[in-house]
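Protein chains: 4
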Amino acid sequence: MTDHIIDPSIIEAENADRVDDLHADYESLGERLDRRGIDIDSIKAKVAEFNVAVPSWGVGTGGTRFARFPGLGEPRDIFDKIEDCAVIAQLTQATSTVSLHIPWDKADPNRLKQAASRFSLGFDAMNSNTFSDARGQLQSYKFGSLSSTDAGTRNQAIEHNLECIEIGKTIGSKALTVWIGDGSNFPGQTNFATQFEHYLDSMKAVYAELPDDWRIYTEHKMYEPAFYSTVVQDWGTNYIIAKELGEKAFCLVDLGHHAPNVNIEMIVSRLAQFGKLGGFHFNDSKYGDDDLDAGAIDPYRLFLVFNELVDAEARYKDFHPAHMLDQSHNVTDPIESLMLSASDVQRAYAQALLVDRKGLKDAQQSNDALAATQALRLAYRTDVEPILAMARLEKGGAIDLLGTYRAAGYRAKVAEIRPAVEGGSGGIV
Amino acid sequence: MTDHIIDPSIIEAENADRVDDLHADYESLGERLDRRGIDIDSIKAKVAEFNVAVPSWGVGTGGTRFARFPGLGEPRDIFDKIEDCAVIAQLTQATSTVSLHIPWDKADPNRLKQAASRFSLGFDAMNSNTFSDARGQLQSYKFGSLSSTDAGTRNQAIEHNLECIEIGKTIGSKALTVWIGDGSNFPGQTNFATQFEHYLDSMKAVYAELPDDWRIYTEHKMYEPAFYSTVVQDWGTNYIIAKELGEKAFCLVDLGHHAPNVNIEMIVSRLAQFGKLGGFHFNDSKYGDDDLDAGAIDPYRLFLVFNELVDAEARYKDFHPAHMLDQSHNVTDPIESLMLSASDVQRAYAQALLVDRKGLKDAQQSNDALAATQALRLAYRTDVEPILAMARLEKGGAIDLLGTYRAAGYRAKVAEIRPAVEGGSGGIV
Amino acid sequence: MTDHIIDPSIIEAENADRVDDLHADYESLGERLDRRGIDIDSIKAKVAEFNVAVPSWGVGTGGTRFARFPGLGEPRDIFDKIEDCAVIAQLTQATSTVSLHIPWDKADPNRLKQAASRFSLGFDAMNSNTFSDARGQLQSYKFGSLSSTDAGTRNQAIEHNLECIEIGKTIGSKALTVWIGDGSNFPGQTNFATQFEHYLDSMKAVYAELPDDWRIYTEHKMYEPAFYSTVVQDWGTNYIIAKELGEKAFCLVDLGHHAPNVNIEMIVSRLAQFGKLGGFHFNDSKYGDDDLDAGAIDPYRLFLVFNELVDAEARYKDFHPAHMLDQSHNVTDPIESLMLSASDVQRAYAQALLVDRKGLKDAQQSNDALAATQALRLAYRTDVEPILAMARLEKGGAIDLLGTYRAAGYRAKVAEIRPAVEGGSGGIV
Amino acid sequence: MTDHIIDPSIIEAENADRVDDLHADYESLGERLDRRGIDIDSIKAKVAEFNVAVPSWGVGTGGTRFARFPGLGEPRDIFDKIEDCAVIAQLTQATSTVSLHIPWDKADPNRLKQAASRFSLGFDAMNSNTFSDARGQLQSYKFGSLSSTDAGTRNQAIEHNLECIEIGKTIGSKALTVWIGDGSNFPGQTNFATQFEHYLDSMKAVYAELPDDWRIYTEHKMYEPAFYSTVVQDWGTNYIIAKELGEKAFCLVDLGHHAPNVNIEMIVSRLAQFGKLGGFHFNDSKYGDDDLDAGAIDPYRLFLVFNELVDAEARYKDFHPAHMLDQSHNVTDPIESLMLSASDVQRAYAQALLVDRKGLKDAQQSNDALAATQALRLAYRTDVEPILAMARLEKGGAIDLLGTYRAAGYRAKVAEIRPAVEGGSGGIV
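Residue numbers (UniProt numbering), protein chains in the order written: chain A, 1 to 429; chain B, 1 to 429; chain C, 1 to 429; chain D, 1 to 429.
It should be emphasised that the hints constitute simulated quantities derived from the structure, not laboratory data. There could be a bad hint or two in this list.
Chain copies aren't distinguished; within one or between two, either way the pair holds.
Stated by the list, open to error - Derived EDC-like pairs: lysine to aspartate or glutamate, alpha-carbon spacing no greater than 20 Å straight-line:
| id | residue 1 | residue 2 |
| --- | --- | --- |
| 1 | K276 | E244 |
| 2 | K174 | D356 |
| 3 | K361 | E197 |
| 4 | K142 | E394 |
| 5 | K204 | D383 |
| 6 | K361 | D150 |
| 7 | K142 | D362 |
| 8 | K169 | D368 |
| 9 | K413 | D368 |
| 10 | K142 | D368 |
| 11 | K413 | D150 |
| 12 | K317 | E197 |
| 13 | K413 | D41 |
| 14 | K243 | D108 |
| 15 | K142 | E74 |
| 16 | K169 | D108 |
| 17 | K317 | D400 |
| 18 | K358 | D150 |
| 19 | K106 | E163 |
| 20 | K317 | E159 |
| 21 | K413 | E385 |
| 22 | K142 | E197 |
| 23 | K276 | D213 |
| 24 | K174 | E12 |
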């Protein structure tokens, strides 16, 4: 039996105020979709099955190199974080898994498993960290980790990844995500070819220990923390890595990790076509890796990504990319942001399901560019909120995520228990 | 025996005015390099061997969709163009080959060969054109060529490429460069996966007819003429193409075809490392595919590219990427721009040869980022003009490219023969 | 009485098929908006008043420097163009004005006026052209026009602008839009300060002749056709121009003329705040000045621009920026693109009208970032199509723009009368 | 008398090894410049007068939101920092001032003055900090400072700036630099117009207290730490601020604070032309505000900026923009980076002094784009190191900055005294 952090009676009361309107809206939307030959209930069913993982580090307040401004009631450890994740899962009914970060979330694996099980939460991909130095660490990653010029440093980074796999095995994870900050800040600082050779050799050592039913995800990023070059800088390099490693290796796409103006949905299509799309870190951005809430800046782009996923689902067998949020919440309550982001990712999926695939294909085949793009626009501008809300309602979640969460007063309650955190940084400019 | 367009006596007279200073400068530079353990003559010897191809279309005045402002004495046909290229080759002694564009340069292959031989010019890669409709063409490429949804259109584009190979065989070319404008202007206009399948199938048909001693170069470009998606949009897709086609297929890097901020020298390194760097279209740009003169905007970037090439030369066997200029000259005399661009490409090569490779490697190995980047900077800020000029002088070229060309009065002479061209465009906005 | 190009009975018949569904949808949307305290009819009334000008050049098929692929039945002259614009106005009921381009649209002003009046069309801003050379023009604009180093060239450009004003006076225009391509392709080619002085002096000469009830709009653009620097490169320079010229001078914002990642809605806010927002050239873009259909790439950005306009409307008196489409239609029927773009601009306006301004302000005041952004998102994700369609229906337009236009067979009809145009370009690379 | 941190005898010994070569190189360069009509000694004299301020925070090791990897012997407080700055000044003889950051450098002003005087150092602009919360601060700047919706917060930020002025008065500073992080992370989070009104009102309050012989510099930045909008986002807004405040208000240009592809030298020209160029924060960047060493990524851009400054110097009276380095040293010894950056800024200045201004102007006037850009290129590719080194030598600095610094063993010495700092961050992602 699942423990509930938010008293279900609060959710029920909040839902009760909204349920009649929801039924009216759902019915009215159903009629409009019916005219387009779409059965609203089957869309709802697919939406209800949709899951996106919540990153443990996402429930803390983020910051920049200039400052971090703490929020109220910040989680003190991974167990507090799991409780925050449980709130998100309870209200959204769309985030049944948590993704851990080692060493930040290091704890007795059995205790971790127990803590999550209490809320019926599972564990998504394990995330290793060789982009910062853990206390007491022998070798520093200042000049690189898996791609370091120093064999001892590389070995330490390999061992750390193997440890993440070990922890993951105990708690039921089935994947390892590897993102490194390795690169360089100056032309000439590193030799690109040597550095990449080191990286590949290290990753092969990690891959060799990957259980058969696991996947390894490598994540590319154009820049930051390295500001001249980055070892895994784009999907081209990422694709090469996945090919070199083997069939359990896949590419992870973080929406904020690309050069300006890049067509991300096309990268998604290419990786899917060549069997190497591992999954996503969802978020949104305007400038760099801004890590804003998914859909907050360019919701149409998010839809276009899901348009590719729905297309790929029908096109390729055994296609099941991982979905994870990866955001930094500097000015909002992280739980609120994560709930609404999970919902916005679901929204994009729901809208993509509404695309008239047959009409789209015909328009494409006859070079009717306008009709083709209108097929996407028609689906996109459909307000699918009633579908999302109904899916939540039927699973015990909240019709109104924000209203219900605020009504429950969760943040104020934990702020009483969890001590205020000192402000931050100043100096890392 | 080579015919000379510019009377050699003019070159000699111009050189005579400058030769004493050149000898003094060469000697003085030689001493400074000697202190760094570098033998100036061996650098000069390498520079003298360097060749970069001139594109036939580069000697005409370029333009934009808004207007084209003609220049004086523009070449009327490929034979005029070959003469212009001969001037560039005579003065720079660094551009002994011409790259043709079909159908723009279509003519009796034997006449082409003869015209070029007269000036001891050879032919570099053939360039096919399926990004515009040739007069009388059956199918339009408005909605794509090699990747079109229409089989007839694809076949026409394949046939055109095969024709380019045929012409090339006669005139002694050994490579085919394929750049297409295929893509889309609207989300949904094309299906990315289907379109790429069509492209790959078409290219396989072309590849099947490629002679054994030829190479095929595919060129990626982020955007333009397509403004939402482009089939070969980046090096990632380009690499996949080269892998799918086979061992005679290589990727061509045009310096202006990337997303803002992208680290191009790193792409060069990756392609070299995985055996797929075919060569370059050199030019420079500030915004998009501006096609400005090589080194005009960011000369250090050009140097960093050559730094990779010199590194790769020592690292990989059988490494010989093709060098070609690809520029659009809207406000300069194209011959002047091409001469100086050839020289600036050579300059970057010469500077890269000056890098203390041993010192650089040591600095990299010991994570001495500052010393490493200074090794590059020291080489880069060396004024190698005396080396370039001496290499030219010894081969019969001009010490002062611009001064000698202007003194020869070539442009004025051809302007008398070649009729003025009507201004242009207006309306293609 | 207004002449109709499309037989009204066709529109009626098409509308008849859709009117019942529209009423149902409008009613249902009205109920949902009513719950949010919004009266749908008052929104509809505002939407019905909204007008966006159509550019005469927009009804022709556009192209790039690589090629232009003609469409069927392209307009032969300005009178054909006016007919095409009349079709757009008839079906959308949102584009009652046409914006002319001189010299492309040069004709007897009285004939122009008559031709437009026949369809109850008016004339929006006049557009001068000094970015290309007109046939027979004395001085070339190859190296600049209003900012040329040559006084004769500057004067010619000034005279051309004065001529545009003269024509405009006759046909009832009230504004002159000045966009120039002046700039440079190479560092050093021009002196920035001198060039800008020339520009300002020239503009002051034009401004001196501007009628009292006219406005002059200057348009900034980052690059293209100049590829190193552009005289009016951004809103900062544009603002200085408007300040230097005087109170009839305003800045025009083209959504595609900015650097990557720039926050355009913020520029809109700044210009409005300092009394210098003249108006818009609406279009959309992914890379540069792609001139794609408004809302085709990033519809949320278009909404955010209108969110500023609705805010400014309430904040500043005498605020009435000009709305104009400025697009290039390379792969679609230009009439279809312009109709849907006019509708998408209207859509963004309608959505912006739905924002809960009071709630937004409260959230902003209390730093409730999430509630604030949700206020925008809620308005944006409302499908306002029933409002737009109802506004059209009530004014005699088409419920379904694309369906009705295609049913009317206009393109096929004009294709019979207007001869096919030869394909284009090839060579301006 | 000036105290010396590095024993002058070490410098002398190091110089002794290099002085003969330097004299030879200086003489040889002098001859080559003489041919171009340039007197090397007068260039050296100008270079010797050149000064660039060092930021106190620059001598500490920087970091990113992901991690900070400490260096050896990091300064513990402002007095250690002043000693590090004294080393830079001693060896480069080009950095006689230090720029302080309050509250990071807060200390008894008289002690500060004394500490600096000991090394003959002066104080450049004061830098206020309202982008992070100081310990014990009443109001948080989480949602803004000078532009906050809360009057108390704005007042606190105003008071902080006034305090900076007070400290500055005591220590002999003559300027206040104001950079804030205020902005928003989400569309709608703030009202752009209201926020900017608040900002202007606050700045007017600060400006009112600015001493008559002071300047106030405002600094624009596109993004970071705010990721959707920033109050002072570009030079357009910055220019408006300077105009609104008054004649003691000027714009500060940080080379890394612009949108991708922006032509920064043109902004420099515009601000100079309209009397509002206050000065610079020099650094270099490839992606965003990377804060890399000046000239490390695009040295030609740095030269082009100085080309504008030399042009402006001759054009406008009373033109004396402030020069300051502002960099973040994550992987290098900060002293080494700052020394070489100061030298690279000087280098760009020296190269700009070599431009043939008369020839450039003639080429510009006659639209000889190629000759114009070659005038810049010729100056730029001159290796002016002998001029810089000779200027240093004659003032008691080091011919070889890096070699001498390393020979002196300064870092090892302070590492013995200054305790190692704990690694950092982890979690602010």
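Hint check results:
1. K276 to E244: both (12 Å within a copy, 15 Å between copies)
2. K174 to D356: neither (35 Å within a copy, 45 Å between copies)
3. K361 to E197: between (43 Å within a copy, 15 Å between copies)
4. K142 to E394: This pair counts as neither: shortest intra-copy Cα distance 50 Å, inter-copy 38 Å.
5. K204 to D383: neither (46 Å within a copy, 44 Å between copies)
6. K361 to D150: Between. Shortest inter-copy distance 14 Å satisfies the 20 Å Cα cut-off; intra-copy 53 Å does not.
7. K142 to D362: Result: close only across copies, 18 Å inter versus 54 Å intra.
8. K169 to D368: So K169 and D368 fail the 20 Å test inside a copy (51 Å) and across (39 Å) alike.
9. K413 to D368: For K413 and D368, only the inter-copy Cα distance (19 Å) is at most 20 Å; the intra-copy one is 57 Å.
10. K142 to D368: Cα proximity of K142 and D368: across copies only (12 Å, versus 54 Å in one copy).
11. K413 to D150: So K413 and D150 fail the 20 Å test inside a copy (49 Å) and across (26 Å) alike.
12. K317 to E197: between (33 Å within a copy, 17 Å between copies)
13. K413 to D41: Cα proximity of K413 and D41: none, with 38 Å in one copy and 44 Å across.
14. K243 to D108: Cα proximity of K243 and D108: none, with 35 Å in one copy and 46 Å across.
15. K142 to E74: Between copies only: 15 Å across, 29 Å inside.
16. K169 to D108: within (13 Å within a copy, 58 Å between copies)
17. K317 to D400: neither (36 Å within a copy, 38 Å between copies)
18. K358 to D150: Classified as between: cross-chain Cα gap 18 Å, same-chain 56 Å, threshold 20 Å.
19. K106 to E163: within (10 Å within a copy, 45 Å between copies)
20. K317 to E159: neither (34 Å within a copy, 35 Å between copies)
21. K413 to E385: neither (29 Å within a copy, 44 Å between copies)
22. K142 to E197: within (19 Å within a copy, 43 Å between copies)
23. K276 to D213: Within one copy only: 16 Å inside, 33 Å across.
24. K174 to E12: neither (35 Å within a copy, 61 Å between copies)
Checked against the numbered hints listed earlier, the structure breaks hints 2, 4, 5, 8, 11, 13, 14, 17, 20, 21 and 24; every other hint is satisfied.
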